[in-house]
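Given only the sequences and the hints, what does the whole structure look like? Please build it.
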Amino acid sequence: MNMQKVIRVSSRRQEKGKLIVPLLKGLVYTLKNLFSKKVTILYPEHRRAVSKRWRGLHRLKTDENGELKCVACGLCAVICPPEAIRMTPYEEDGGTRYPLEFFIDEIRCIYCGFCQEACPKDAIELTGVYDYVDYTRADLQFDIEKLKRPEDFIFKGK
Amino acid sequence: MSETKTMTINMGPHHPATHGVLRLVLELEGETIVNATPHIGQLHRGIEKLAENMNYQQVIPLTDRLDYTAASLNNLGYCMTVEKLMGIDVPKRARYIRVIMSELARIMGHHLWLGSHALDIGAMTVVFYAFKDREKIMNINEELSGYRLTPSFLRIGGVAKDVTPDFIRSVREFIEVFPEALEGYHRLLTDNIIWRKRTMNIGTLSADEAMSWGFTGPSLRGSGVAYDVRKAFPYSSYDDFDFEIPVGDNGDVYDRYLVRMEEFKQSLKIIRQAVENLPEGPVNVDNPLVTNPAIEDVTEDISALIRRFKIQCEGPTAPAEEVYHAVEGSKGELGFYLVGDGTAQPYRLKIRSPCFLLTSALPRLIRGHMLSDVIAIIGSLDIVLGEIDR
Ligand code: SF4
Ligand code: SF4
Chain Y
1 MNMQKVIRVS SRRQEKGKLI VPLLKGLVYT LKNLFSKKVT ILYPEHRRAV
51 SKRWRGLHRL KTDENGELKC VACGLCAVIC PPEAIRMTPY EEDGGTRYPL
101 EFFIDEIRCI YCGFCQEACP KDAIELTGVY DYVDYTRADL QFDIEKLKRP
151 EDFIFKGK
Chain H
1001 MSETKTMTIN MGPHHPATHG VLRLVLELEG ETIVNATPHI GQLHRGIEKL
1051 AENMNYQQVI PLTDRLDYTA ASLNNLGYCM TVEKLMGIDV PKRARYIRVI
1101 MSELARIMGH HLWLGSHALD IGAMTVVFYA FKDREKIMNI NEELSGYRLT
1151 PSFLRIGGVA KDVTPDFIRS VREFIEVFPE ALEGYHRLLT DNIIWRKRTM
1201 NIGTLSADEA MSWGFTGPSL RGSGVAYDVR KAFPYSSYDD FDFEIPVGDN
1251 GDVYDRYLVR MEEFKQSLKI IRQAVENLPE GPVNVDNPLV TNPAIEDVTE
1301 DISALIRRFK IQCEGPTAPA EEVYHAVEGS KGELGFYLVG DGTAQPYRLK
1351 IRSPCFLLTS ALPRLIRGHM LSDVIAIIGS LDIVLGEIDR
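Chains as they are written, first to last, in the working numbering: chain Y, 1 to 158; chain H, 1001 to 1390.
Hints were generated in silico from the structure; no laboratory data involved.
What you are looking at is a predicted structure, and each value in this text was computed from that prediction instead of being measured.
Wrong hints could be hidden among the right ones.
[Stated by the list, open to error] A few chain H positions that, by computed beta-carbon distances, are all more than 10 Å from chain Y:
hint: 1; residue: M1007
hint: 2; residue: H1014
hint: 3; residue: F1174
hint: 4; residue: M1211
hint: 5; residue: Y1235
hint: 6; residue: F1356
[Claimed, not checked] Here are the simulated lysine-lysine pairs, DSSO-like style, with alpha carbons at most 30 Å apart:
hint: 7; chain 1: Y; residue 1: K148; chain 2: H; residue 2: K1310
hint: 8; chain 1: H; residue 1: K1265; chain 2: Y; residue 2: K25
hint: 9; chain 1: Y; residue 1: K61; chain 2: H; residue 2: K1310
Each residue gets a CB set at the ideal place from its N, CA and C atoms; glycine is no exception.
Written as structure tokens, this is what we have:
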């Protein structure tokens, strides 16, 4: 083993120490904290802002004309570790290709963000929506329509 | 003539103090433990087997779920093993970001240990303070990676994205405020007579014995062996940083506590050096086999597009070789043994979990102690079942 710098922690160890003073010191510390600023927030009335990189509910992006950017290449589906994406591609005669169906199973998804990294068209992204609830599992199979507007699924209380 | 009978009781798997789902079958004589048998496997998700059916990149999120208290450290261990197998050299900036992430993860893991360990023994306040400070690191994780507990931020050959100015600012802020919080933990526990009575000379293990049980990490250092993978086999630029290894002398619960408390400080020291000396440059290796071409190139250049398809669909292939690489996890030496077979999927991934070996010594440590000491001993080993059961 090479030369290492070592700290002996047992210098802090006191077999026989004072009994009461350390306890009081601890109490003074907690008392001081009692008057410090609160760190908790009242959810869902109050929310904290999430980071720009937050990996929440997916959005399928659209271009200026409101068309999906996605070309149904399937890269996102193939990289997805829990296999949460499935789609049916469709190709028109002119060569335009788009997804006929596009489902993301939001319960299976682990929000790793690999799909947005893989997408060659920058067509899918993970948004800052993190609290969405629903009654059945089928409701959480997001289709194209739902994936276009993830903001609608922010939990609003009750 | 009266006859003494022992009583068998079941502790766990749903006992909050067993740090997950550890089941202990205890044989008691009065309140003294004569025998203990740990039962594990309740959290088995088959991560090693799952990895065999995924490509090398897809395994990264799985490793987050090993020791979920310090997720980035597992990412680091796994990614470095794959890089060793594929012979990839990671750029310096990425290595520094990885160091910052993993030391933050170590502090996060120790926060959870401190909070729950103190809570188990009966000091309730500490858990709130520890979690309050842990939250700050979670926010840093969120800023950088978009996820709080399981960032999955490391990639083969680098990290997912470059750092943001906000990230640097919040790490600096954390470095500023954390020493005071640490002093607060010390004030609550270190000299406290109840804490000392509950932890001193409990669960003592000598250096030789700790080594023969295969202990690593803070639990080994508490027994007085200065073995730290970061120093013994430096990886990911750890030799650039100046830090010390805390070691104890007595090998009891209290010394293991002191070692971890000092590790907070040393991790902070490493983070400070890494943030202040963060080199410029790319955060991903420029290797056509593993680097995802940038989105701008993909739209203009057909060969970049094809390469992107190749990397994402098939994944980078590894040669038919086997490697072992270990990193210093927050619980001990976290090793990955990886066998490649020339395809894009691991042939075998074996995880050397430090907690598994710590758990194997539990019966030895518990025997002869009181029932209430069991919790103190489990807490001081800082085991996490996600890693044991895998
Ligand atoms: S975030 Fe990850 S798990 Fe979820 S759909 Fe995308 S690739 Fe799959
Ligand atoms: S990777 Fe992008 S373009 Fe391809 S199918 Fe997925 S969302 Fe559509």
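Checked hints:
1. With a least CB separation of 33 Å from chain Y, H/M1007 remains clear of the 10 Å interface cut-off, as annotated.
2. Non-interface call for H/H1014 relative to chain Y: holds, since the shortest CB-CB distance, roughly 24 Å, exceeds 10 Å.
3. The claim that H/F1174 lies off the interface holds: its Cβ sits roughly 14 Å from the closest Cβ of chain Y, which is beyond the 10 Å cut-off.
4. Distance check on H/M1211: its Cβ is at least 13 Å (rounded) from any Cβ of chain Y, clearing the 10 Å threshold; non-interface status holds.
5. For H/Y1235, the requirement that its beta carbon stay farther than 10 Å from each beta carbon of chain Y is met, with the minimum near 14 Å.
6. With a minimum CB-CB distance of about 24 Å to chain Y, H/F1356 clears the 10 Å threshold, and the non-interface call stands.
7. With a CA separation close to 28 Å, the supplied pair Y/K148 and H/K1310 stays within the 30 Å bound.
8. Our distance criterion of 30 Å between C-alpha atoms is met by H/K1265 and Y/K25, whose separation comes to about 22 Å.
9. Between the alpha carbons of Y/K61 and H/K1310 the distance comes to roughly 24 Å, so the proposed pair stays at or under 30 Å and holds.
Of the numbered hints stated above, none is contradicted by the structure.
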